[in-house]
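Asks: Order-wise, the sequence lines are chains A and B.
Here our numbering is used: the first sequence runs in plain steps of one and ends on residue 465.
Here our numbering is used: the second sequence runs in plain steps of one and ends on residue 465.
The hints are simulated quantities; they were obtained by calculation from the structure and are not laboratory data.
All the given hints hold, so there is nothing to weed out.
It does not matter which identical chain is meant; a pair holds if it fits inside one copy or across any two.
Cut-off 27 Å, straight-line C-alpha distance, at most; resulting in silico cross-link-like pairs (DSSO-like, lysine-lysine):
no.: 1; residue 1: 116; residue 2: 318
no.: 2; residue 1: 116; residue 2: 305
no.: 3; residue 1: 261; residue 2: 402
no.: 4; residue 1: 92; residue 2: 37
no.: 5; residue 1: 261; residue 2: 318
no.: 6; residue 1: 118; residue 2: 154
no.: 7; residue 1: 444; residue 2: 68
There are 2 protein chains.
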Amino acid sequence: MGDILVDIAFFYGIICIVVKKTVEMEDEIMRKRNVLVAQSGGPSPVINASLQGVLEACFESGKMGCVYAAHRGIEGVLLEELIDMTKQPIDEIRRLKNTPAAGAIGSCRYKLKENNEADFERIIDVFRAHDIGYFFYIGGNDSMDTADKVKILAEKQGYELIVMGVPKTIDNDLGDEERTIIDHTPGYGSCARYWAYIIQNVNEENRGMCTSECVSVLQAMGRGSGFITASSRLADPNREMPLQLYLPESGLSMEKMLANVDDELIRSGRCIIVVPESFMTDPASQLRDGFGHVEYGASKTTAMQEVVNALNKHGFPVRGQATGQVPGVLQRGVSLHASTIDREEAYTLGRKSVEFALTGITGKMATILRNSDEPYSVRYEHVPLSVVANRVRYLPKEWIAQSGIDVTDDFIRYARPLIGDSMPEIELEAGLQRFARIKLTFVEKKLPEYTPCNMANCSH
Amino acid sequence: MGDILVDIAFFYGIICIVVKKTVEMEDEIMRKRNVLVAQSGGPSPVINASLQGVLEACFESGKMGCVYAAHRGIEGVLLEELIDMTKQPIDEIRRLKNTPAAGAIGSCRYKLKENNEADFERIIDVFRAHDIGYFFYIGGNDSMDTADKVKILAEKQGYELIVMGVPKTIDNDLGDEERTIIDHTPGYGSCARYWAYIIQNVNEENRGMCTSECVSVLQAMGRGSGFITASSRLADPNREMPLQLYLPESGLSMEKMLANVDDELIRSGRCIIVVPESFMTDPASQLRDGFGHVEYGASKTTAMQEVVNALNKHGFPVRGQATGQVPGVLQRGVSLHASTIDREEAYTLGRKSVEFALTGITGKMATILRNSDEPYSVRYEHVPLSVVANRVRYLPKEWIAQSGIDVTDDFIRYARPLIGDSMPEIELEAGLQRFARIKLTFVEKKLPEYTPCNMANCSH
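Required output: the full structure, derived from the provided sequences and hints.
Replies: Okay, structure coming up:
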C-alpha cells in the first residue's frame with residue numbers, strides 16, 4: 006500500500022511536470038508570434054539598413070517567430086505576397102546595409118483610402134492568417150498614417166498587434182520645425198552627401214568650362230520642402246563658390262533668379278544654381294502619384310528645363326549658355342554617396358523599433374533626437390505615429406539667409422554631421438557593386454485571392 | 006721665354022675650357038626651352054591625370070625649362086594667361102589625379118577658324134615671347150585639329166616647336182572603328198563606370214518602385230556616337246535587367262521605342278531605358294557651341310523629356326508612370342565613379358607624350374592600343390595629329406545586337422576592362438573631397454593686349 010502511494014505520488018509528480026512543461030511551451034509559442042516588415046514610398050540609399058536592423062534584432066531576440074517581409078510594401082500585404090526572411094542567407098541580410106533603394110523587398114505608393122474599408126479588413130485578415138504579432142513599417146509621413154490606421158483597426162477588432170514605424174525619407178520633411186519629433190530622417194544624410202559631393206564636382210566642371218557653359222543648373226528633389234536644396238551648401242561651407250540655392254520656402258520668382266544670376270556672372274563669370282523640383286510656373290505639366298502628390302519626375306517639363314530656357318532666352322553679361330542636370334532618382338539611390346553616419350543611424354533605428362516593440366510599446370515611430378552638434382551626439386526615442394502622420398516639415402525660416410538664395414551657418418551646423426567624415430564601405434564583385442540578393446519566394450498563401458481597391462479601379 | 010710660352014699655353018687652355026663650357030651652357034640653355042600644356046573641350050573625370058602625367062614627366066626630365074599651363078585652353082594662350090606650374094606645391098600636382106573635370110587650369114570651346122589668321126599668328130607670338138619649345142594639347146578631335154594647325158604654322162614661320170596631342174574624351178569617338186588609331190580614349194572608362202554603376206542603382210530603384218514608376222528613362226551624352234549609351238550594358242553583362250539601350254547608330258524611332266517598352270512591361274512589369282542626348286525629334290530646340298556642335302545640355306527640351314512625355318501620353322500595359330533623369334555633366338565629372346584603370350592610362354598617356362617629345366617626335370598624338378582583352382594589356386604609341394583631327398568614330402555596326410537596343414558580347418569584352426576592378430582612391434578633408442588647388446597667378450605678360458577673333462565678334 007505504501008508502495009502504491011509512492012507510485013501514485015511519483016506518477017502525479019510526472020504528470021505535473023508534463024502539464025507545466027506543456028503550458029510553458031504554449032506560452033513560448035504564444036510569445037513567438039510572427040513578424041511582418043514592409044517599406045513604403047520613395048527609397049533612400051540607406052532604407053535597407055533599417056530593414057537589416059529590424060531583421061537582425063528580430064532574429065537575435067529569440068522571442069519572435071518567422072520574420073516575413075511584404076513584397077512591395079502594403080501591396081504585398083493586400084496580395085498576401087510575403088517573403089520569408091528567415092530563409093535568406095545571413096550574408097545577404099548583412100549586405101542589405103550596402104544595398105541602396107528598395108529593390109531588395111520592394112516598395113509602393115499605394116494609398117489606403119479611408120473609405121476603402123475592404124483594404125483595411127484584408128490587412129487584418131492576412132495578419133491573422135499568418136499570425137502576425139508585430140508589424141514594422143519603414144516609410145515617411147504617409148506610411149506612418151497607414152501604420153496608425155492599421156493599429157486602430159486591429160484594436161477595434163480585438164486583434165493583438167504591435168505596430169512600430171521606422172522613419173525614412175531623403176526629403177527630411179517629417180516632424181516639426183523645432184525638431185522635437187525627429188531631428189532628421191534616415192536617408193537625408195546620404196542625399197545631402199550626394200549633393201555636397203556633386204556640387205563640388207560641378208564646381209570643378211563649371212570653373213573649367215565657364216566661357217562656353219557659364220551657368221550650371223541642377224534640379225533637386227524634396228517637393229516643397231527645401232532641405233535637399235539646402236544641403237548643396239555643405240559643398241562649400243566657406244562660401245567660395247558662385248552657388249545660388251532657390252529654396253522653395255523663399256518663394257523667389259523666375260525674374261528674381263535671372264537678376265541674381267546676372268549679378269553673379271558680372272562678379273565671377275560663372276554660376277551654379279540649384280532649383281527644387283517644385284520651382285515651376287506651369288502646374289498643367291504636372292502628373293500625380295497614388296497619394297495625389299505631384300510626381301515631378303514624370304512631369305511634362307522640369308524645373309531645370311524652365312530655368313535653363315529662361316536663362317538662355319534672357320542672355321548673359323558674359324559668354325556662354327546655361328546647361329541643365331536632373332539627377333532624379335540618382336540622389337536617392339547611389340550607394341557610393343551614402344553617408345556612413347546615415348547608414349549607421351538607419352540601421353540603429355531599425356533595431357530600436359524592435360527593442361521598443363519587445364517591451365510592449367505600440368503605435369509609435371522610433372525616432373532620433375539630437376543631444377549636440379559638436380561633438381555630434383544623438384539619442385533614440387519613440388513618438389506616437391499620429392503625431393508624425395500626414396505632417397510636412399519645411400526648412401525653418403531662421404535657417405534661410407536674408408538673400409533668400411542661401412542658408413545660414415546654423416543650418417550648416419545642423420546638417421554637416423549628417424554626411425559623415427568617411428567613404429562608405431562598398432563591396433565589389435567583378436568590378437561591379439555587389440548588392441544583397443533576396444530570393445522572392447513567397448510563403449504559402451492561406452487566403453482567397455483579393456483585388457486591392459485601387460487596383461480594381463485601375464484601367465489595367 | 007719658355008715660361009712665357011708655358012703661360013700662354015696655360016691661358017690658352019683656360020680660355021678653351023671657358024669657351025667650351027660657355028658653348029655647353031648655351032647648348033644646355035637652348036635645350037631647356039619652356040613647355041606649354043593646355044586642355045580643350047568638355048572634361049572627363051581623369052583629364053587632370055593626363056595633365057599630371059605631362060607635368061611630372063617634364064619636371065623629371067631635367068631637359069625642359071619652365072612648365073606653363075594655359076588658363077582655359079587656347080583662350081589662355083591668346084590672352085597670354087599662363088600659369089607657372091613649376092611654382093605649384095608638389096602635393097597639389099599629385100592631387101590632380103583625383104581631381105575631376107577641368108577646374109584646375111580650365112578648358113574652353115574656342116574655335117580657331119581657318120580664316121582667322123590673326124589668332125594663329127598670335128599663338129606663335131605668345132610662344133615666341135615665352136620661348137615655348139614644347140606644346141602639349143589635351144583634348145578630342147577638334148583639339149587635335151587645332152594642334153596640327155599650330156604645328157604647321159610654326160613650321161611655316163621657321164619657329165622651332167614640338168607639338169604633341171594627348172587624347173581625352175568621354176565620348177570615345179576618336180579614331181577609327183577598327184581601333185588602329187586608338188583603342189579607347191581616356192575618360193571613356195570612367196564615364197562607362199559611371200553608367201555601369203548608376204544603372205545598377207537605378208535597377209534597384211526601378212525594381213523597388215515599379216508599381217508606381219514603371220519606366221526609368223536616363224539620358225546619356227555622346228552626341229551621335231553610341232559608346233556611352235552602350236556602356237550601360239556593363240551594369241548587367243548577363244542580361245538579367247529589363248534594360249534597353251537606344252544606340253544612336255541603330256536609328257530607332259520613338260514609335261519603335263514605345264512598342265519595345267510595352268513588350269518589356271508585359272514581360273517584367275518594369276523597364277529601364279537609356280537614350281542618347283541626340284534622340285530628339287525637334288532640331289529647332291537645339292543650341293550650338295563655338296564649334297557649331299549641338300550643345301545638348303542647353304537645349305530647349307531634352308531627349309529624356311521627349312521620351313518621358315511620349316511614354317506617359319502613350320500609357321502602359323501595367324500601372325505606373327515614366328520618370329526621367331539627365332545626369333548631364335555628372336557623367337564626366339564625378340570622381341567617385343572614376344575608373345582606376347582609366348586614371349592610370351590617362352596619367353601614362355600624359356607621360357608618354359613627353360617621352361615622345363623628348364626624342365624629337367612632333368605633330369603626333371600619344372595613343373593607346375590594345376594587345377589583348379584578357380588578360381587586359383595595352384601598349385602606347387603615337388599617331389599623326391592629322392589622322393585624328395575632325396574625325397568621329399561611331400559604335401561599330403557589328404557591336405550592335407540585332408534588336409537594335411543592345412550591344413553584343415564582343416562589345417562587353419572590349420569595354421569591361423576599362424572600368425577597372427576597384428574603387429578609386431578618394432582623398433577626403435573634413436568629410437568633403439579634397440581636390441588639387443592650383444594657384445591661378447599668371448606669369449608676367451610680355452606682349453600687348455590682344456582680343457581673340459571670336460571674342461571680338463561676340464556681343465559682350
